[in-house]
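> Could you build all of it, start to finish, from the sequences and the hints given here?
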Amino acid sequence: MENKIKQLRKGVFELIILGVLHNESHYGYSLVKEIIGDIPFSITEGTIYPILSRLSREGLINYEWVESKQGPPRKYYHLTQDGRVTFQELKKEFDNLVGLVKGVTAKSKKETKKVEKKIIMARTDGVMKKNP
Amino acid sequence: MEIKYPKSVEKIVTNYLDRLREYLKGLPGGDKDEFIREIESHIYESYMTDTTGDEIDRILGVLKKLGEPGDVYTEKAPGAMVRMGSRKKRPLYIIGAILIAFFALPLGLGAVGIIIGLTAAIFGLMIGYFATAVSFVFGGFLGIVLSIIKIASPGFLDEVIISLGGQPTHFLDPTVEGIIGLAISMILAGLGILMLYFGKYIFKGIKFLVHISAAKIKEIGR
Chain A
1 MENKIKQLRK
11 GVFELIILGV
21 LHNESHYGYS
31 LVKEIIGDIP
41 FSITEGTIYP
51 ILSRLSREGL
61 INYEWVESKQ
71 GPPRKYYHLT
81 QDGRVTFQEL
91 KKEFDNLVGL
101 VKGVTAKSKK
111 ETKKVEKKII
121 MARTDGVMKK
131 NP
Chain B
1 MEIKYPKSVE
11 KIVTNYLDRL
21 REYLKGLPGG
31 DKDEFIREIE
41 SHIYESYMTD
51 TTGDEIDRIL
61 GVLKKLGEPG
71 DVYTEKAPGA
81 MVRMGSRKKR
91 PLYIIGAILI
101 AFFALPLGLG
111 AVGIIIGLTA
121 AIFGLMIGYF
131 ATAVSFVFGG
141 FLGIVLSIIK
151 IASPGFLDEV
161 IISLGGQPTH
171 FLDPTVEGII
181 GLAISMILAG
191 LGILMLYFGK
201 YIFKGIKFLV
211 HISAAKIKEI
221 GR
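Top line first, the protein sequences correspond to chains A and B. Numbering-wise, our numbering puts 78 at position 78 of the first sequence, and it's gapless, one number per residue. Numbering-wise, our numbering puts 177 at position 177 of the second sequence, and it's gapless, one number per residue.
What the hints contain is simulated information worked out from the structure, not anything from laboratory work. Treat the hints with care, as some may be off.
20 Å max Cα-Cα, derived EDC-like pairs, lysine to aspartate or glutamate [said to hold, decoys possible]:
{"id": "1", "chain 1": "B", "residue 1": "K4", "chain 2": "B", "residue 2": "D18"}
{"id": "2", "chain 1": "A", "residue 1": "K69", "chain 2": "A", "residue 2": "D82"}
{"id": "3", "chain 1": "B", "residue 1": "K32", "chain 2": "A", "residue 2": "E64"}
{"id": "4", "chain 1": "B", "residue 1": "K4", "chain 2": "A", "residue 2": "E64"}
{"id": "5", "chain 1": "B", "residue 1": "K11", "chain 2": "B", "residue 2": "E40"}
{"id": "6", "chain 1": "B", "residue 1": "K65", "chain 2": "A", "residue 2": "E34"}
{"id": "7", "chain 1": "A", "residue 1": "K69", "chain 2": "B", "residue 2": "D71"}
{"id": "8", "chain 1": "B", "residue 1": "K32", "chain 2": "B", "residue 2": "D18"}
{"id": "9", "chain 1": "A", "residue 1": "K6", "chain 2": "B", "residue 2": "E68"}
{"id": "10", "chain 1": "A", "residue 1": "K10", "chain 2": "A", "residue 2": "D95"}
{"id": "11", "chain 1": "B", "residue 1": "K64", "chain 2": "A", "residue 2": "E34"}
{"id": "12", "chain 1": "B", "residue 1": "K64", "chain 2": "A", "residue 2": "E2"}
{"id": "13", "chain 1": "A", "residue 1": "K33", "chain 2": "B", "residue 2": "E68"}
{"id": "14", "chain 1": "A", "residue 1": "K33", "chain 2": "B", "residue 2": "E40"}
{"id": "15", "chain 1": "A", "residue 1": "K4", "chain 2": "B", "residue 2": "D50"}
{"id": "16", "chain 1": "B", "residue 1": "K32", "chain 2": "A", "residue 2": "D82"}
Far from chain A, some chain B residues (derived; all Cβ distances over 10 Å) [unchecked claim]:
{"id": "17", "residue": "P6"}
{"id": "18", "residue": "T51"}
{"id": "19", "residue": "I122"}
{"id": "20", "residue": "A131"}
{"id": "21", "residue": "F141"}
{"id": "22", "residue": "L157"}
{"id": "23", "residue": "A183"}
Chain B stretches covered by chain A per the calculated footprint, using a threshold of three residues with CB under 8 Å from any CB of chain A [as the list claims (entries may be wrong)]:
{"id": "24", "segment": "37 to 46"}
{"id": "25", "segment": "58 to 67"}
Treat the numbers as computed from the prediction; the structure is a model and nothing was measured. All residues carry an ideal CB built from backbone N, CA and C; glycine is no exception.
Structure representation (structure tokens):
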């Protein structure tokens with residue numbers, strides 16, 4: 001189960017990164033903090049860097065090294081125009097999927113309720129018949 | 001600004017980065033250095049933010065959250081592999097990189113012409129290569145059969161030549177000629193088989209080049 005959750009998270013990880021960069025530029029560590037925060041997340045922090053280099057190769061993000069007063073230079077990532085378009089498209093698709101998942105579960109909940117009602121009715125019917 | 005850690009912490013960080021470097025061996029130098037620099041920066045930022053416990057606890061916690069170099073690398077690997085092929089196919093990667101560097105120049109539609117021309121030329125070379133290999137194998141096997149006949153019954157081939165209206169000529173004793181012929185034929189056939197075997201790699205290489213060219217054409221088309 002944990003593995004399945006991990007996989008699911010990994011799948012949307014890229015979309016989350018694009019989403020965060022859509023709002024503002026980040027360097028690796030600030031991006032990690034923004035995404036993972038203090039919630040124990042089962043994806044290790046290092047996994048973000050390969051994804052960043054892939055997104056950069058695909059031209060969805062670009063970067064620049066900026067000197068920092070607090071320590072070594074930081075590699076800041078920005079979303080490119082291509083990245084913005086891709087993010088919007090992916091987000092639309094993601095929303096569709098979420099809607100679909102929610103729709104299915106809502107529907108099945110309704111069905112369950114209907115069945116439950118029927119069972120209760122049948123039981124009360126039986127009880128009524130036994131003790132008229 | 002330079003990174004300054006207490007001695008013990010520095011040792012742990014250096015060890016981690018060394019192990020990471022080991023895992024990144026297959027990557028091109030520039031990419032590797034930049035990746036390490038980024039991880040170095042991450043470790044520093046994370047270390048400065050997390051101020052609970054003593055310095056050893058802090059750095060160990062930071063590295064644990066970051067993940068083992070092997071994990072970081074395996075995540076990095078798939079993307080990098082796409083670019084460079086596996087380490088075995090390194091020569092292909094170099095050819096590909098040269099081509100990419102060449103075509104990455106803003107040549108516009110001219111580049112498409114060059115790519116098509118190059119691909120066609122390579123295709124022609126490949127056909128020539130395979131034709132040579134096949135003829136070597138055929139020639140070699142034919143030679144082996146004839147040489148064995150010559151060794152087994154030295155007079156037989158002469159009779160065939162005479163019956164066809166020819167004049168058999170001998171430089172050496174027929175059996176010795178047969179043995180020399182057998183050796184040469186075997187080398188020829190072996191060479192042909194070897195060429196066919198390596199053709200597999202050439203074929204893979206061409207597939208790789210065609211793939212790059214197609215991607216490039218698509219990009220220009222856009």
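> When the hints from earlier in the document are held up against this structure, which numbers fail?
Structure breaks hints 2, 4, 7, 15 and 16.
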